[in-house]
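*Asks:* Okay, here's what each chain looks like letter by letter:
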Amino acid sequence: MDLRFTPEEEAFREEVRAFLRDKLPRRLSDKVRHDHTLSKADMEEWHAILNARGWLANHWPVEHGGPGWSVVQRAIFEEEAARAHAPRVIPFGVSMLAPVLIKYGTEEQKSRILPRILDGSDWWCQGYSEPGSGSDLASLKTSAVRDGDHYIVNGQKTWTTLGQYADWIFCLVRTDPKAKAQEGISFLLIDMKSPGVEVRPIVLLDGDAEVNEVFFTDVRVPVGNLVGEENKGWTYAKYLLTYERTNIAGVGASAAAFDRLKALANTLTRGGRPLADDPLFAARMARVEIELANMTTTNLRVVAAAAGGGAPGAESSMLKIKGTEIRQAITALFRRAYGPYAQPFIPEAFEEGYNGEPVGPEDAGAAAPSYFNNRKLSIFGGSNEVQRNIISKMIVGL
Amino acid sequence: MDLRFTPEEEAFREEVRAFLRDKLPRRLSDKVRHDHTLSKADMEEWHAILNARGWLANHWPVEHGGPGWSVVQRAIFEEEAARAHAPRVIPFGVSMLAPVLIKYGTEEQKSRILPRILDGSDWWCQGYSEPGSGSDLASLKTSAVRDGDHYIVNGQKTWTTLGQYADWIFCLVRTDPKAKAQEGISFLLIDMKSPGVEVRPIVLLDGDAEVNEVFFTDVRVPVGNLVGEENKGWTYAKYLLTYERTNIAGVGASAAAFDRLKALANTLTRGGRPLADDPLFAARMARVEIELANMTTTNLRVVAAAAGGGAPGAESSMLKIKGTEIRQAITALFRRAYGPYAQPFIPEAFEEGYNGEPVGPEDAGAAAPSYFNNRKLSIFGGSNEVQRNIISKMIVGL
Amino acid sequence: MDFHHYDDRQMLADTLRRYLAAEAPVEARNRVAYGDTGYSPAVWAGLGELGIAGALFGEDAGGFGGSGFDIMVVFEELGRALAVEPFLGTLMAGRALAIAAPEHAALAEIVAGTSIIAFAHQEPQDRAAGDPLATRATKVEGGWSLDGAKAVVAQAEAAALLLVSAETEDGRSLFLVPAGAKGLTIRGYANVDGGRSAEVTLRGVVVADRVAADGAAAIAEAEAAGLLALSAEGLGAMEVAKEATIEYLRTRKQFGVPIGKFQALQHRIATVLMEVEQARSAVINAADAFDNKSGTARDRILSAAKHTIGAIGQLVAEEAIQMHGGIGMTWELPLSHYAKRITMIDQQLGDQDQHLQRFIALGRS
Amino acid sequence: MDFHHYDDRQMLADTLRRYLAAEAPVEARNRVAYGDTGYSPAVWAGLGELGIAGALFGEDAGGFGGSGFDIMVVFEELGRALAVEPFLGTLMAGRALAIAAPEHAALAEIVAGTSIIAFAHQEPQDRAAGDPLATRATKVEGGWSLDGAKAVVAQAEAAALLLVSAETEDGRSLFLVPAGAKGLTIRGYANVDGGRSAEVTLRGVVVADRVAADGAAAIAEAEAAGLLALSAEGLGAMEVAKEATIEYLRTRKQFGVPIGKFQALQHRIATVLMEVEQARSAVINAADAFDNKSGTARDRILSAAKHTIGAIGQLVAEEAIQMHGGIGMTWELPLSHYAKRITMIDQQLGDQDQHLQRFIALGRS
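If you read the sequences in order, they're chains R, G, A and L.
If you're matching positions, the first sequence starts at 1 in the UniProt record's numbering and goes up one per residue.
If you're matching positions, the second sequence starts at 1 in the UniProt record's numbering and goes up one per residue.
If you're matching positions, the third sequence starts at 1 in the UniProt record's numbering and goes up one per residue.
If you're matching positions, the fourth sequence starts at 1 in the UniProt record's numbering and goes up one per residue.
Hints listed in this document are in silico derivations from the structure and should not be mistaken for laboratory results.
What you are looking at is a predicted structure, and each value in this text was computed from that prediction instead of being measured.
Be careful, since some hints might not be right.
[What the hints assert, rightly or not] Derived DSBU-like pairs (lysine-lysine); straight-line CA-CA distance at most 30 Å:
1) K238/R x K182/A
2) K182/A x K238/G
3) K238/G x K110/G
4) K139/A x K178/R
5) K253/A x K393/G
6) K232/G x K293/L
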């Protein structure tokens with residue numbers, strides 16, 4: 001048993017830090033640090049910087065453009081990037097579609113699509129959920145009917161994050177309406193510029209509009225855009241859902257946020273003394289700090305098991321639940337820390353170039369919206385209820 | 001809206017207090033206060049004192065020997081008795097069997113049995129649960145087969161509290177093995193001195209042996225001991241389970257225990273200062289104090305609704321869950337308060353006449369056993385899981 | 001002991017509920033609450049005609065109510081409707097004025113609901129209980145000169161008058177400042193949960209008179225009334241969030257059955273139901289204490305209620321969203337606005353932890 | 001980074017587990033643990049022959065282990081078996097002695113497991129961190145005279161020697177007191193969770209030498225080792241309680257199906273499983289810190305672990321009993337004894353709240 005990283009891993013960490021120091025634009029890290037809105041151009045800028053270094057698709061095989069990192073290296077990179085307040089890599093193309101294509105796509109699909117993910121030519125989004133099928137994904141209704149060399153797609157997807165920016169969407173569609181729920185589903189790639197595709201924003205409770213509904217009305221999709229076999233889409237979808245994601249616990253992001261919280265608690269006052277000295281607030285912070293320290297090791301244990309060939313199973317569900325619980329607890333503490341100053345809401349202040357006088361302590365206005373927005377963490381990406389079902393099924397076996 | 005009691009009710013409270021002051025033996029209240037074991041004679045002594053005043057069966061109709069109290073009076077009595085550390089009234093005869101008999105029994109049964117409950121001639125116990133049927137009571141297997149003027153009873157009951165003292169047991173037995181689960185069950189009264197009845201103690205984790213298994217081997221029970229109709233026992237059992245119990249929340253007992261806890265926290269030290277000044281212990285105590293104050297009003301609201309003819313439904317399940325959660329939280333705080341001195345375990349010290357030198361602060365040794373023993377509160381009497389099912393069924397309706 | 005509201009109080013609640021349902025349903029409320037004024041002058045006027053403001057004051061102040069239970073029913077209904085009209089300022093400043101200067105001419109208009117007043121007491125720095133305010137008033141030619149800053153003052157832009165607290169040589173005093181006073185800056189902004197508040201800055205604002213030389217009792221009254229009102233408002237909002245969630249559990253299907261069939265959700269909604277009853281009891285206790293207790297005993301029970309509403313509110317808001325899933329996070333669904341309001345009540349006038357600590361401290365004294 | 005125990009350490013764990021399963025299954029353990037001696041001399045001797053005590057000490061002290069991970073595997077296995085043999089005293093007093101007086105003749109026998117020692121440091125009054133002990137030692141003709149009382153000393157009756165802390169004129173010193181010393185009273189009693197402890201009273205107990213004049217470092221080492229050991233023991237006991245509960249959910253039927261089919265219980269066991277993994281991580285962190293950090297940094301992580309084990313232990317013990325129902329409360333079922341031990345670990349060497357506060361305080365300094 002040895003929790004220490006090898007000298008090679010420590011050297012790699014230094015390399016990552018140096019890269020972030022040199023290449024991560026301050027303008028971007030400031031936006032992340034202050035919970036401000038990133039524009040499409042911001043996200044593309046960071047992707048391009050990573051791609052220039054060959055680090056964008058850090059879990060891809062080398063032959064497709066991955067850097068050949070171990071899972072430990074990837075964990076180190078994710079942690080350092082988060083701690084440096086780098087923007088997150090938008091996962092839909094790089095981390096969701098690509099692994100499916102690499103495993104199940106044709107050579108033509110791989111050579112056509114993967115390079116365009118890397119160089120930013122195509123922005124991808126995800127078409128899984130439908131209004132009637134949330135946790136019960138297999139009940140989806142969007143249909144794709146074969147018509148010569150095309151599928152004709154009709155239906156509606158929802159919760160499509162950043163769909164407003166997307167060039168392409170990967171969708172689960174029903175190709176055999178008579179098959180049982182999980183059969184008869186296919187995995188289809190659809191050009192968002194096709195006639196009949198319409199994107200409508202869903203405004204969330206914090207006023208944010210990064211998720212969308214996507215409507216398909218008689219959209220013609222070439223059969224060459226089918227991934228794998230017709231009616232086998234559920235297999236690919238499950239692969240995508242259980243695909244080992246080093247970063248599912250979000251340890252680095254939580255650690256970065258916690259450090260900001262701790263610093264903040266030393267500057268704010270409560271009852272005439274530093275907030276950090278308030279025994280109940282200090283206890284809330286300490287519980288989260290301890291949970292996070294435990295979580296960091298839990299995450300490394302799973303990473304190490306994955307590196308040693310261990311399969312991710314219930315562990316990835318545990319990391320998802322605990323990781324999101326900790327992240328949400330931190331957002332709740334930020335809100336709580338600001339007291340009455342969590343109430344003022346000046347959305348313009350989250351945009352670049354805002355010059356108005358701040359209201360209350362720095363970043364106070366972002367705390368409540370961030371708390372509300374992050375309620376999604378326990379809902380999206382497989383709700384925490386679904387994750388608990390998975391853990392119980394895998395370990396109790398009933 | 002008025003939370004104050006009427007002058008008549010306040011006068012009644014004074015009457016109860018005076019009675020407790022005059023008639024409750026200090027020897028008994030000391031035992032209760034210090035969580036010491038009450039003997040059978042102790043419990044009988046208190047029953048006799050209450051009966052002499054006509055207050056033993058305080059929810060019975062006047063014609064059977066009840067005092068004619070309103071539900072508010074009963075709540076006042078229960079609260080004052082608990083605060084004075086009076087022993088609890090053993091419920092099996094007075095509060096469980098008697099209401100069933102009064103509603104469903106024959107005149108002969110009422111006139112034969114009720115007076116003997118009042119005067120202490122008969123000690124009753126309950127035969128409901130079986131090893132295979134806990135929360136799923138309707139799956140019980142103990143059989144009663146008609147043989148002329150008798151039933152022949154075979155089977156096993158368990159969790160029979162204080163069965164070792166009992167003269168009689170009221171049982172749910174299966175009289176029609178072919179009927180569906182909840183049908184074919186009858187409500188039968190069995191003399192514990194009958195040949196074929198055997199009682200074996202179950203030792204609990206705190207070393208206590210107040211619950212028992214009761215075995216029936218070819219026990220002959222006169223058909224006159226059947227309550228109500230054959231195969232209708234489930235109706236009576238449900239009546240008993242949902243029978244409005246003023247005291248289910250245990251507000252008085254929790255209040256008395258909380259007062260002791262608060263006093264204790266002022267005498268113990270932690271980190272060189274009074275335990276009550278420790279911010280985290282103080283916060284734990286304050287949360288319980290607030291929950292209890294809220295609960296006291298919730299309980300009165302239910303009592304008032306019952307007084308006004310409102311039916312007890314989900315409310316009684318809420319009172320049961322919340323009441324036991326608060327009680328258990330208090331027992332956990334006692335254990336926690338004593339720190340390392342919760343570990344020493346000297347069972348002799350809980351018995352009357354023990355003269356050994358105490359170990360640690362007063363009553364320290366009772367804290368952990370009481371905490372462990374009171375885990376039963378959320379299990380017995382309809383587990384808190386079953387109560388949550390009931391609340392959800394009644395209010396969500398699915 | 002009687003847990004029914006008396007007839008006239010129940011009538012008031014029913015009238016208020018009907019009026020708000022008709023005139024300020026949640027879609028209309030959202031347009032106004034997140035709009036430029038942050039409240040509806042028409043609804044405010046309508047509620048004034050119904051005498052809602054008057055229900056918050058006793059007869060000695062020109063009202064026809066003013067008991068703890070009057071405040072409870074009014075704010076519970078305001079909470080059920082997520083109303084953003086300026087009743088909190090009316091209650092807090094009005095009650096303070098009624099104690100400090102019962103004869104003041106402004107009081108009648110406040111009680112009649114024809115004039116809006118804001119309570120400008122909270123400051124940017126959270127002080128210890130006994131520490132002096134940063135806002136100061138000094139005696140000058142022609143009256144008093146005020147300097148300082150007040151934080152997150154509810155609906156200050158809408159107010160014709162501000163009741164301002166300030167330290168003077170001889171204690172904590174109260175001053176009435178007209179909205180247009182020279183040296184007064186009101187920087188308004190939207191609240192994340194609807195309605196508007198403002199930062200209030202005073203730079204050499206001169207007023208002729210003090211409303212009260214020693215304003216401590218009046219401020220304590222205002223804060224007590226404010227705690228009760230926010231607690232009741234939270235309760236009302238929780239009731240609606242609870243009802244919406246029950247309805248969703250009954251109707252939303254996943255895996256072919258209503259999600260309310262899933263036992264894990266059944267047990268969680270049972271907890272929510274139980275805790276909302278505890279929250280109601282806490283508010284009843286607070287209303288009773290407001291009427292029948294005073295000083296430390298009263299304030300301790302008010303803190304117990306505010307703590308309870310904060311803690312149970314977080315449970316209810318988070319569970320309501322989680323059980324709704326994604327739809328519960330959308331702007332379009334009323335629930336999300338209820339969740340926001342329930343949550344933000346715990347940021348106003350001290351949060352659950354601060355009131356737990358106050359409850360402990362008051363228990364010692 | 002490597003989360004496997006090295007081969008020889010894993011072999012030690014396997015050997016220990018096999019031995020305890022064979023020689024001290026829970027029924028046998030219960031007879032002994034609640035019996036007159038409170039431990040099994042035969043099991044103690046057998047474990048001594050296996051070299052378990054030696055695994056707790058480094059080579060410089062005559063052992064062959066002594067790292068944080070050695071302590072972790074030994075106490076995790078002791079926890080899995082609910083062993084009551086006097087290893088906590090061996091570890092704490094032995095480690096203290098190895099620092100304070102590495103040449104002392106008693107050390108070899110302790111490390112060999114042939115002599116039992118108790119660590120008599122805790123006192124009846126819980127003091128602030130810096131406050132002096134109530135037990136005092138004064139210089140007298142022929143050595144030192146000790147007066148005072150020590151509280152809940154684990155297995156003190158079984159010990160041949162007690163390592164006693166006492167304040168002297170020149171600091172907090174350590175003394176070795178033989179079990180039969182004049183003026184020494186050992187009042188033994190059963191523990192509620194098995195094993196025995198004792199109140200130790202010293203009235204003019206005279207010993208020739210001090211083991212250490214300044215014992216602070218040795219006491220700190222003993223306490224650090226004790227916190228790690230109790231945390232690992234709690235983890236081991238939790239693992240068994242968890243496994244027993246999973247097995248019960250699979251096999252116990254109600255309403256015609258295994259109770260593990262009920263979603264409410266599925267979600268709760270999922271939480272238990274997840275939290276036990278967090279508890280394991282906390283103990284790993286503590287073992288790592290024990291080896292690779294010192295002073296405040298080490299103690300902070302040890303407090304984090306003890307807090308974690310206390311908090312998660314309460315969850316695991318209460319949920320295990322609740323999911324078992326009545327049967328989980330019976331003496332007959334091993335689970336109930338696991339629940340007791342898990343619970344009582346939070347009463348030893350500071351509970352979850354005390355360690356949370358220590359974690360906070362050490363983070364400030």
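*Asks:* Each hint: holds or not?
*Replies:* How the hints compare with the structure:
A threshold of 30 Å between alpha carbons decides the hint, and for K238/R with K182/A the separation of about 67 Å lies outside it, so the pair is violated. Restraint check for K182/A and K238/G: the C-alpha separation of about 74 Å exceeds 30 Å, so the hint is violated. The hinted pair formed by K238/G and K110/G meets the criterion: a straight-line CA distance of about 20 Å does not exceed 30 Å. Between the alpha carbons of K139/A and K178/R the distance comes to roughly 86 Å, so the proposed pair goes past 30 Å and is violated.
For the hint pairing K253/A with K393/G, the CA-to-CA distance comes to about 17 Å; that is within 30 Å, so the pair holds. Between K232/G and K293/L the alpha-carbon distance is near 71 Å, which puts this suggested pair outside the 30 Å criterion.
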